[in-house]
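With the sequences and hints as input, model every part of the structure.
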Amino acid sequence: MIATALIDWGALGKVVLYSLIGGIGVPAIYAFVVLGASRSSEARREHQTAGAYGYMLLSVVGGLTCLAAIAYGIWLMTQK
Amino acid sequence: MSADVILVIVVVTALAFDFTNGFHDTANVVATVISTRALPPRLAVTFAAILNFAGAFISLKVAATIANGIVNATQITMTIVFAGLVGAIAWNLATWYYGLPSSSSHALIGGLVGSAVVAEGFSAIDGHGLLSKVIVPALIAPVLAFVVAGSAILVTYRIAGRVRPGPVTRGYKLGQLASGGLLALSHGTNDAQKTMGIITLALVAHGNISATDFHVPDWVVVASASAIALGTYSGGWRIIRTMGSRIIKMDAAQGFSAQSAGATVILAASHFGYPLSTTHVINGGIMGAGAAKRLSAVRWGVAGSIVTAWVLTLPAAAIGGGLVYGVTRIFGTGATGPVVVSALILLAITALFTTRARQAVAA
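Read top to bottom, the protein sequences are chains U and P. Each residue of the first sequence is one higher than the last, beginning at 929 in this note's numbering. Each residue of the second sequence is one higher than the last, beginning at 10 in this note's numbering.
In short, the hints are calculated from the structure, not lab data.
Pairwise CB distance ranges (calculated):
no., chain 1, residue 1, chain 2, residue 2, range
1, U, Leu945, P, Ser243, 36 to 42 angstroms
2, P, Leu52, U, Ala999, 22 to 28 angstroms
3, U, Thr1006, P, Leu102, 32 to 38 angstroms
4, P, Leu52, U, Ala996, 25 to 31 angstroms
5, U, Val988, P, Val231, 37 to 43 angstroms
6, U, Ala978, P, Ile144, 55 to 61 angstroms
No residue lacks a Cβ here, since even glycine has one placed at the ideal position from N, Cα and C.
Shown next, in the form of structure tokens:
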């Protein structure tokens, strides 16, 4: 009863959900960017062209997704 | 004439608080960046200062909300605001001296609560607002950031853990520039607005701005943005050292995870109207990123000192604000009290810096 009066459970639930999605999702995607860039460079050294392009694509798509997340964050700031 | 003098003192004190807010909270943005050597220290604080300045211009919509729903605005006078600001500044300086990252927002709210109680009694305080808007979020913020950053670093190690260390470190140092930049922008947006709100409310109380046409004048925006950016640039190195290397010894991936988790939690909380302290979130994130790797990686003694400072922030700043209000009232309700207190503060600060300069020369 007291907790219900003191805590806006609706807002808190959304904060927790979006924090978990964004706070774990963005680092996970960025880990693929790092993985892709590193493996692409290794594949190039070993003359595995297809592998190099595949990993490069993974890295670029992940990087663009992270940039989009940052842009979304800045847009959210302007909406307050 | 007396009201004009108090207004000038309140504006200058608010900008002084904004400056201490900047250098106290620099660590939230740059500690992980400096610790992992993603940027050299001076470049890191310059980067944070510029983005703090820019962030202050992004939005002005919450400038009027500081302490709203916590203290009764109709009972607040300029002298109460002045005393609250001084209480907050004193606590910020004390925690900076001991290298403890405490919340500047809580210090400001505590200072205002203390001075309002001494001036008007407990009727000036909304206890429910204080619990639901300040104390409950203070319990939730570090725990949420701890869990998010801890989960983020576990996922990160799972995906990129087998990559050679060189590219991983380079990649995460680059990532830290982006996550740190987002944090600096959000810090400028959130924290500079507190000062803008305080100055604007003082202008309303003085009659310069109509209460029915509440807007933040351009000079207030520029002055507040400049004060927080200058404070950030001057760098609170003691707190940076605590957050950057004394809680955990972090690698670049942990730094990135802590910052990303912190930025996400702050943006989500801010968007859904749930006020969380940047300091609590980032410190919770750093502890989570360390504990997920190995529980013993976190220096729990340092973490305990930080949490103690968080618990003490509200009451200590409130006592400071109340004491300052009491001293100003000895001299009546005019400008004499704030003038005397301001002169005493300037003397104390001069003595402090002179002593430190002598110690530096002697060393």
